[in-house]
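Visitor: Listed below, chain by chain, are the residues.
Number of protein chains: 4
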Amino acid sequence: MDTAALRILVTGGTFDKSYDELEGRLLFKASHVPEMLRLGRSRLRVEVETLMLVDSLEMADTHRQRVLSACRGAPEERLIVTHGTDTLELTARVVGAAGLPKTIVLTGAMVPYTFGSSDGLFNLGSALAFAQTLPHGTWVAMNGRCFRWDDVRKNRASGVFEECGG
Amino acid sequence: MDTAALRILVTGGTFDKSYDELEGRLLFKASHVPEMLRLGRSRLRVEVETLMLVDSLEMADTHRQRVLSACRGAPEERLIVTHGTDTLELTARVVGAAGLPKTIVLTGAMVPYTFGSSDGLFNLGSALAFAQTLPHGTWVAMNGRCFRWDDVRKNRASGVFEECGG
Amino acid sequence: MDTAALRILVTGGTFDKSYDELEGRLLFKASHVPEMLRLGRSRLRVEVETLMLVDSLEMADTHRQRVLSACRGAPEERLIVTHGTDTLELTARVVGAAGLPKTIVLTGAMVPYTFGSSDGLFNLGSALAFAQTLPHGTWVAMNGRCFRWDDVRKNRASGVFEECGG
Amino acid sequence: MDTAALRILVTGGTFDKSYDELEGRLLFKASHVPEMLRLGRSRLRVEVETLMLVDSLEMADTHRQRVLSACRGAPEERLIVTHGTDTLELTARVVGAAGLPKTIVLTGAMVPYTFGSSDGLFNLGSALAFAQTLPHGTWVAMNGRCFRWDDVRKNRASGVFEECGG
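Protein chains in written order, with our numbering: chain X, -18 to 147; chain G, -18 to 147; chain V, -18 to 147; chain S, -18 to 147.
To be clear, the hints were calculated from the coordinates, so they are not data collected in a lab.
Mixed in with the good hints, there may be bad ones.
The list treats identical chains as one, so a pair stands whether inside a single copy or across any two.
[Stated by the list, open to error] Calculated pairs, SDA-like style, for lysine to any residue (alpha carbon to alpha carbon, straight line, at most 20 Å):
#, residue 1, residue 2
1, LYS83, THR114
2, LYS10, ARG24
3, LYS135, ASP1
4, LYS10, GLU30
5, LYS135, ARG53
6, LYS83, PHE9
7, LYS10, GLY97
8, LYS10, LEU81
9, LYS83, SER139
10, LYS83, LEU34
11, LYS83, GLU16
12, LYS83, ASP36
13, LYS135, ALA51
14, LYS10, ALA138
15, LYS10, LEU20
16, LYS135, LEU32
17, LYS83, ASN136
18, LYS83, ARG137
19, LYS10, GLY118
20, LYS10, PRO116
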């Protein structure tokens, strides 16, 4: 398989939260995605672009429009969007409904990368693979699974992503 | 996308090496794959089967035939084989040449999972995604990339997997 | 040197904060001190007693009196108190002013143990050593250094513990 | 307590072993002690001097004489020697028998620092505390405990340091 160029659009979320020693709380400093690619010894040609660093609960529609614009404007056909899990499904719907001729994979993490127990590296690895192999469309990759943008939700009680079902 | 059942066939390799405190050296105890799936909070239905726990430099042709037999006999259509990187390409050729009607992804790690700096979790995440999305055939997934079984080799000088080229 | 019996009194603080995946924030589950002693392969005879699990900013005088009571009532002569760093100096003064005939070492961490980048294991190791070797009195052990209870403060700007000076 | 200047003499051992990705084995690159002091947010004035980077099983008497010379020649009164655990007791005897008017603490680790499960940070924290508080003499600090140089041995069966007893 040819190694397609990929772009990772960073929006923040749990993925990228850091612990602030002086304030004693979680906040955003800079994205950990470049460090995670180094740890994974990634050999893909990847561009990392930080669009914003926000908690997805604080995302308004203007934020989602910026994500959509960045997806539309990116020169690459294969894109990953890192995102907080709380409203990830909403951004997936905004991007997915636009029907861009691209493969766009949204991913996140349940635990910040800076914790030893984070699922972030695992999710990033699978998102990069899904982005290289899936057809055009918008997808959500979490915890080994991949969902269509119009059939995914986060189960608030269990914290697990699942199909909407019905 | 439906969540296909997957089987992970463990053969050992760097992936699974542990540090023995009494002997002061690296050796095999038990596979770390189940723990890695928990850390990745994997929601896939996965069977983990340990075929052997060996350094891939110690693999003889009989070992590779056992891997091939296990691939053939597994009830699942989608398989992952964890393997040492030194002779991973040789096993890929034995399995690939058999032309089984299955998607088989071999993967490994440059650094043992028990090290903080391991690429194992990243590779396992991407292997699981490749195994769900690629067509029948035998593939090698390393460091974000995926190679066909008959066009991959480990560059001994750089330690990087690459196409055979030419 | 004889291995004196030691008691560790847990009060919470940054040391013991965990990340809650469902809520997306830091909170207390159970103390990590037993796990830290296992990681350090501690061979000391140590009793771990959880008095409370609170953020030290939420400690009132009644909390500090409970810490003092526990220090007074403990059968061991050598004690460690794990504590949040924000008001650690206040509890040190309450305990220190009581002048108990014991060696009492308060310690904490700038970053939760569950983060890869925590100073907790280092501080716990040094607190255990200080508690075994220092004379009776109340001490604060942070980041390799040890302070008297009546000559220590946390510098709010730098986050560093230092003498009061003057 | 005043913060005495301290010198850490590095000799290698398990403490400092790194994993070589190309060779697939443990070897020495550079000492991890400076990184460990950063992680512990150590506020001590410490000099780190690498005397050698060897496995303690490969230490000959000339190596131990170099350690003794470095202890004697160091301007600081308080010293730590990081050392492999297999022959740590032998070096302790060479240094201890010299009776230098200094406090010298030998320490090591059962698991390399680069492993997530290392006891190294814990041992370094306690060694720094013991070096600040113990009287002149040569000591061995391991896993929370501290031993006199002439009454310590590594139990080969259990891997644990203990008094010689008898």
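Visitor: What hints, given by number in increasing order, does this structure fail?
Guide: Hints 2, 5, 6, 8, 9, 10, 11, 12, 13, 16, 17, 18, 19, 20 are the ones this structure does not satisfy, whereas the remaining hints hold.
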